[in-house]
Structures are given as C-alpha cells and as structure tokens.
Amino acid sequence: MSDFDKSVPPQLDADGVDRRGFLECMTWAGTGMLWTLAGGLPSAVTMTKALAATPNTPFTFLQISDSHIGFDKAANPDARATLREAIAKIKALPMKPSFMIHTGDISHLSKDNEFDDAAEIIKEAGIPVFYVPGEHDLLDEGQGQSYLKRFAPQSKGAGWFSFDSQGIHYIGLVNVVNLQAGGLGNLGTEQLEWVKKDVADLSASTPIVVFAHIPLWTVYPEWGWGTVDGAEALSYLKRFGSVTVLNGHIHQVMQKVEGRVAFHTARSTAFPQPAPGTAPSPGPQTVPAGDLRKYLGIATIDFVRSSEPLAIIDRPLAG
Amino acid sequence: MLTSNTIFSRRSQIFGLALIAAIMAGFPVLADDAPAAAPSGTNTKVKIDNFTFNPAQLTVKVGTTVTWQNVDDIPHTVVSIAAKMRSKALDTNDSFSFTFKDTGEFSYFCSLHPHMVGNIVVTR
Chain A
1 MSDFDKSVPP QLDADGVDRR GFLECMTWAG TGMLWTLAGG LPSAVTMTKA LAATPNTPFT
61 FLQISDSHIG FDKAANPDAR ATLREAIAKI KALPMKPSFM IHTGDISHLS KDNEFDDAAE
121 IIKEAGIPVF YVPGEHDLLD EGQGQSYLKR FAPQSKGAGW FSFDSQGIHY IGLVNVVNLQ
181 AGGLGNLGTE QLEWVKKDVA DLSASTPIVV FAHIPLWTVY PEWGWGTVDG AEALSYLKRF
241 GSVTVLNGHI HQVMQKVEGR VAFHTARSTA FPQPAPGTAP SPGPQTVPAG DLRKYLGIAT
301 IDFVRSSEPL AIIDRPLAG
Chain B
1001 MLTSNTIFSR RSQIFGLALI AAIMAGFPVL ADDAPAAAPS GTNTKVKIDN FTFNPAQLTV
1061 KVGTTVTWQN VDDIPHTVVS IAAKMRSKAL DTNDSFSFTF KDTGEFSYFC SLHPHMVGNI
1121 VVTR
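Those protein sequences? They're chains A and B, same order as listed. For the first sequence, counting from 1, position 215 maps to 215 in our numbering; every step adds exactly one. Just add 1000 to the spot in the second sequence (first one is 1) and you have our numbering.
Any given hint could be a false lead.
To be verified - With a straight-line cut-off of 20 Å between C-alpha atoms, the simulated PhoX-like cross-links for lysine-lysine are:
1) LYS96(A) x LYS156(A)
2) LYS156(A) x LYS197(A)
3) LYS1045(B) x LYS1061(B)
4) LYS1084(B) x LYS111(A)
5) LYS1061(B) x LYS1088(B)
6) LYS1047(B) x LYS73(A)
Claimed, not checked - Covered stretches of chain B (chain A as the covering partner; in silico rule of three or more C-beta atoms under 8 Å from a C-beta of chain A):
7) 1056-1070
8) 1082-1094
9) 1097-1105
I should point out that these hints are in silico values taken from the structure, not numbers from a laboratory. Every residue gets a Cβ at the ideal spot worked out from N, C-alpha and C, and that includes glycine.
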C-alpha cells in the first residue's frame, strides 16, 4: 500500500526539496541527526556529513526514531537489520556523542522479543539512551507498563522526565496516551502542569531541548500529525532564548523555525512514510523491489552533501 | 444400524415438531450457540484499509455481530467508549468481533491513529 507514485509531479516543500529529491535523500532511514550545541545555538547535520566532519564541536548528542522492531512487511522485511546499520553508523562517528535520544516506536507491537532485540541492538552504540514512547510501544496488556519498566523506570506519569547535561535542559514528553477520537497527539493536563513547574526555576538563557514522539506542532492534521495541546506546552517555554523540538512519528525530515523555537522531525530506521497528502494514507511507503537500500542505505548521498535543506542549521534570531 | 437410524429418525421428528411449535409461537428458532446457521443480517464486516474504516457508517439490527478486519500493514485498534468496546492491536489480517446488544449510536476510533473514526447505529 501507499506505493511511491511516480506519476505525481514534484512538489516543492517549504524547504525547497521536491518529493523525489527528498526520498533520494533518505539515505538510510536509520539516520539519526547529530545535534551540536555551540553557545546555545543548536544545529543539526545529517549523519553522512557528521561522519565526514572534523570533531571540533564542544558537545553533541544524537537522535534516532521509529525503529519499529518487529515490522516485517513489504516496506522493509527486516527492521532489525536497518537499526543495526544505524547503530553501526553511530559507532563510526569520529566524535562520540554524549548520549542518544530515541523518539519512540521502538517496537512495532510492544512484544517482549521486540523490546529485547531493540534494547540489545541499541546498546551496541555504547552511549546512554533516553527514550520516549510511541503509540506502538503501548500495545502490551498493561498499555505501556512493559515500556515503562524497560525504558523509562525513573520517569513520571506515562513516561515523561527531564534532565540537564552540560548546561542544556532536556524534556522528554509523552503525547501518545489517551488519544481522543478524531484527535491528534495529546499531552494532557497532568503533564502540562509538570512541564510548567519543571521549567519554572530555569534561567531564560538555558537552552531547552524538548522531545516527544508525535510532532508537537501541527504538521498534517488530516493524518493526525500534530499534538492538540502542543502549543500550550510550548507557551511555557516562550521566555527561553533557544528551544529545540525534536519529534519522530512521521518517518521523514520536516523542519520549521518559529521565533526562537526550532522544530524538527527525524527519519525512521525502519521504513519511509509518504509526504503529507501525497498518498491515500500515511501507511508505510513501499519503494520498488530491490530499491530499499537506496532509500535506507548510504548509496544516494550526493544530494545530502550538495544541498542545504537536509543539513539543518537553526539559528534563533535573538538569544 | 437399525437402532441408530431409529434414534436419528425420532430425533428428527422431535426437532421438526419443536421447529413448527417455535415458528407458530413466534419464537426465534435458533439458539445463540449456532452462529453458522444464524439468519442473514446478523453478521457484518468492516474492513480496515488505508487508515479508514470501510464502511465508516453502518446501521445494524440489535444483536448483530460486527467483525473488523485489518488489511493494512500497520496495526490498528477498534475502540468505542460508548459501547465499552476495545480490541487489542490488530496486526495485518487480524480480526476483532463485537456483538451490539443495545440499541443506540456508537462512535468508535483507532486509538493508535485517532483520526480514524467510524460510527455504528444499532436499531431494533
């Protein structure tokens, strides 16, 4: 389903990438963005660039997302293999990231063996990992108990938490619980209250990184790609000079800068999903047989190297 | 053989009489535990395809069993607060059945992809 429809004419996105160019850039779904924070200004480069980069940045961390361990359908018969490739890329980085965040959908069906295998593969990276759950991680009988026990035992509520590292405040949020019919992602009152308190005593010059599975900004409500109370959470962060929002869920890179807030979504390590509105549904995008590695692998990297959009650099206008 | 036939024949006779009596009395003939022989219209299917319930709107008689089958390559659920109905995650080709015993209007959705909604009206 949702086969890549070559009859659709290229449409330029806001970032100037046409859809085909975009797909060609999905060098390997496993990517991960490598985040660099220098003087409170976060910037991201694709893994391909990072691999070639000289390690002269003061501090880096990494994001991976949507590994969907257990997924074995046409779009990628072996999601374990592509996660392994992603981890191998991370291990090959010239500069070891301080830690990694995983923005959810670790597993496909929340099965024990899926969680076990994901943890085992990710552990190979040899760096600490902070997780937030995706909706696919809450499908056990306890509706998320298995995830919490394994991946976020120290968290609050449905799995939210915050931590500080080298002067930056990180907030992991959960927007995949208690979803309402017809609605979008949902944080809920209890979590919003917690966010408000969590940042209350921080200085406005503290760089903030917020991460959650479903985009906290409205990407495409027709497919449920947004968070109904995401704007409220961000309203508590208005006074901060640098806010970076990292999400997954939509299996493609999207970015937006609004004032001092930079929004990004990461690629999946498992399979691509169509650009908003370009397919009948947001289901896994099956690329022609034999071409999977072209979309997930490192073969088509020229576009990534030659053009600006995927090498995301965010520069807030004021500190 | 003779004995067996006789018994069979007697049973048929008794069943036949019971059937006639039931029809005359206006009672439903078939027991609940005989779904294969249920009258037509008491079992309806909804297909989950391309992140939609098809048909999304459905009107059924009370007592109807609705079966949802997911043919997407992504799991979905079928959840209705009004009907107190919640399926487990349905992987590709998994099914979930629910019998509507009360009249009314029951909206439902996929708790994984809440933009997927459907509605079932149960009439007498």
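Practice prompt. Any hints from earlier that this structure breaks? Give me their numbers in increasing order, please.
Written response: As far as the earlier hints go, 1, 4, 5, 7, 9 are violated by this structure, in ascending order.
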